[in-house]
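K.L.:
Here are the chains, one letter per residue:
2 protein chains.
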Amino acid sequence: MTNFDFHSPTYFIFGEGRENETGAYVKRFGGTRVLIQYGKNSVIKSGLLDRVKASLDKEGIYYVMIGGVQPNPRDTLVYEALKMVKEHNIDFILAVGGGSVIDSSKATAVGALYDGDFWDFYSGQAVPQKALPVATVLTIAAAGSEGSPSAVITKEEGGVKRGLTCELIRPVFSVLNPALTQTLPAYQTACGVTDICAHVFERYFTNTKDVEVTDRLCEAIVKTMINETPKVLKNPDDYGARANIMWGGMVAHNDLCGVGRSQDWNSHGIEHELSGLYDVAHGAGLAVVMPSWMQYVYKHDIMRFAQMASRIFGVDMDFSNPELTALEGIRRFRAFLKSIGMPTSFEELGAKEEDIPKLVASHPVSQSGQTGGFVSLTPEDVANIYKLCKAENHI
Amino acid sequence: MTNFDFHSPTYFIFGEGRENETGAYVKRFGGTRVLIQYGKNSVIKSGLLDRVKASLDKEGIYYVMIGGVQPNPRDTLVYEALKMVKEHNIDFILAVGGGSVIDSSKATAVGALYDGDFWDFYSGQAVPQKALPVATVLTIAAAGSEGSPSAVITKEEGGVKRGLTCELIRPVFSVLNPALTQTLPAYQTACGVTDICAHVFERYFTNTKDVEVTDRLCEAIVKTMINETPKVLKNPDDYGARANIMWGGMVAHNDLCGVGRSQDWNSHGIEHELSGLYDVAHGAGLAVVMPSWMQYVYKHDIMRFAQMASRIFGVDMDFSNPELTALEGIRRFRAFLKSIGMPTSFEELGAKEEDIPKLVASHPVSQSGQTGGFVSLTPEDVANIYKLCKAENHI
Chain A
1 MTNFDFHSPT YFIFGEGREN ETGAYVKRFG GTRVLIQYGK NSVIKSGLLD RVKASLDKEG
61 IYYVMIGGVQ PNPRDTLVYE ALKMVKEHNI DFILAVGGGS VIDSSKATAV GALYDGDFWD
121 FYSGQAVPQK ALPVATVLTI AAAGSEGSPS AVITKEEGGV KRGLTCELIR PVFSVLNPAL
181 TQTLPAYQTA CGVTDICAHV FERYFTNTKD VEVTDRLCEA IVKTMINETP KVLKNPDDYG
241 ARANIMWGGM VAHNDLCGVG RSQDWNSHGI EHELSGLYDV AHGAGLAVVM PSWMQYVYKH
301 DIMRFAQMAS RIFGVDMDFS NPELTALEGI RRFRAFLKSI GMPTSFEELG AKEEDIPKLV
361 ASHPVSQSGQ TGGFVSLTPE DVANIYKLCK AENHI
Chain B
396 MTNFDFHSPT YFIFGEGREN ETGAYVKRFG GTRVLIQYGK NSVIKSGLLD RVKASLDKEG
456 IYYVMIGGVQ PNPRDTLVYE ALKMVKEHNI DFILAVGGGS VIDSSKATAV GALYDGDFWD
516 FYSGQAVPQK ALPVATVLTI AAAGSEGSPS AVITKEEGGV KRGLTCELIR PVFSVLNPAL
576 TQTLPAYQTA CGVTDICAHV FERYFTNTKD VEVTDRLCEA IVKTMINETP KVLKNPDDYG
636 ARANIMWGGM VAHNDLCGVG RSQDWNSHGI EHELSGLYDV AHGAGLAVVM PSWMQYVYKH
696 DIMRFAQMAS RIFGVDMDFS NPELTALEGI RRFRAFLKSI GMPTSFEELG AKEEDIPKLV
756 ASHPVSQSGQ TGGFVSLTPE DVANIYKLCK AENHI
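So the sequences go chain by chain: A and B.
In this text, residue positions in the first sequence follow the working numbering: the first is 1, and each later residue adds one.
In this text, residue positions in the second sequence follow the working numbering: the first is 396, and each later residue adds one.
Excised from the complex, chain A in its bound form (with noise of 0.2 Å):
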């Protein structure tokens, strides 16, 4: 285990109903007059936005709102909220959404005391020294954003998806209650947990030697999701599955499961510029991308998907060939994305072969050179990558 610090100071109201609490709590931590944002219609059709202006009001607090956050928000939107956030004499941001809706409004805390533009925080021009605090009421469990330090966010112009991670824009809190999940599309839902198992598998697969503890904790979110994911597919009104999920999408994205030990985003950064070229939802392009990147880089270390395969998908370790329980695993990983509806190659995406070197081109790599904390990439393996999403190139 290498040294670390671990500060998860985001204060979690969890439950049904708690959503009526927002108000108190937006006032415990300083808010007196908010921009509200949030994305589709779905939370004025679910009365949820109108229960938190409720709550709002209950405290006698000001507030406006911008709605039309996209999913892979969009530079475009952050911008105008940072105009209304000028005009209203904004101290507090409020997302109440999933974690697009969360991400642009990070951006926008983040961008509201800069005086330049707040796309220098996500092209690395600048480094954030203040941010208005931000809070989340959270409708998708997926991206973790309500309990995590980062925030991704889309240029309109030419596509462009970059990330900021900084302490500055952890929520102060979030509300998060697994009853607004209920009315999500089963298509949302699997995206959702595929994004939770993407946050685990980016920290599972380390060089770090001696991490027993995060390992089991990451083991244990993503059995969690094994587990739940297909009772709320069956039943979309299963409360019990549906809390489950909420909260494991929280711990797998706070960093609890990934201290100590290095990380390898590879898979997010490859997804990035499917989603960003496509607009295809985040979850899809993960459930695509991941195991493909497992199938190239696996023999860096057998033995821990092997772990991986045992410990989480049940598979009979072959003590005489591991490399057949690593692969097994990795199946069964596909299967499993496949069972819940995510698409799982290209084809079913609607991404095209193609297209490859323009997403090479898009990507960071083609910059720096070599990423990855666990298997250092080069521009031709993420071409590899790439073509390895191809249901003909699939183990």
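Wrong hints could be hidden among the right ones.
As the list claims (entries may be wrong) - Okay, the calculated bits of chain A under chain B, using three or more residues with CB under 8 Å as the criterion:
1) 205-215
2) 249-259
3) 347-353
Hints are computed from structural coordinates only; laboratory data are not their basis.
Note that CB positions come from ideal geometry on N, CA and C, so glycine has one too.
Go by the hints and put chain B onto chain A.
P.N.:
Then chain B, alone, in the frame of chain A:
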């Protein structure tokens, strides 16, 4: 899963040599006049106290010290410490040691800003309204006090042991250097591991349904202990295994594994009377009590004990008679404790059957009549559990 709040804002500074940063973190968290508490001279001999002092000197921070905190820390030392707080105008409490030193420091922190007797908080006569910040440099992986809002103190007069749980005494930061635990005697290491397992099991045995994610996290921690403890007993200098145990000990008790579910702290309560009367190590008392408690209550939920047996101890599930699996799990837990050198019977602990009436009489259940969130116990039940602690009554 039931509704819950979760807030674990302690800042963790983990890894080799990190005690040298203590002063910098005291400064960051606003300390200017520090009372350092410690236990035995081992922190002097090892040079740890000197390193911590040097880090405070470097930042120009004033400090005074009080040593001699005993295992099962006493109210008497807390009173001494509180005098020093007044005399030296202390604004920050720093524990350098294990759970006992930390608990004593927490009691000092919460007593410092109270006009009455700090014991009021432990006897339930008063609820803390404010406290000085408290931080820790941990030397034993065991109590989880470095990340928890709880502290247990023993009243010298009468040996009454009582706990306080209150967010004000959660450490603002904790330094965890696994190398500091390498010099611990095997017995103390094993006592610590037992305490960690107990912190998990007091949460694991619940009547709440749909708690897969916290179940899995609980299982992850105990499996880590089973895997790593033999390594450190064989090679005390195994830093990696020490690190896994130390981080696991924190996760076991900051309540991440216990949110949204009923808990049952009866084993701790029953043990407190033992270590109060005989002044045995808390972990040793738990090794005797907990498997006997399990033996007494398992019929309340055979499938939950079978789950423990199967998922944690790898017992093959007996589908025709799950009770056999449950019992085998309890046997395996006791065997694990024995294998790491713990006493598992009244006899080995030096406890006497004739003292059982005295133990029961001083247990809070004799006032309250009933206690426990999994299986409610009467004074008679508590007496029966003490009887099961005798080797001849073990399954």
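K.L.:
Look at each hint and say if it fits the structure.
P.N.:
Do the hints match the structure? See the list:
1. 205-215: holds (count 6)
2. 249-259: holds (count 3)
3. 347-353: It is violated: at least three residues are needed, and the stretch 347-353 of chain A offers just 0 whose Cβ sits closer than 8 Å to chain B.
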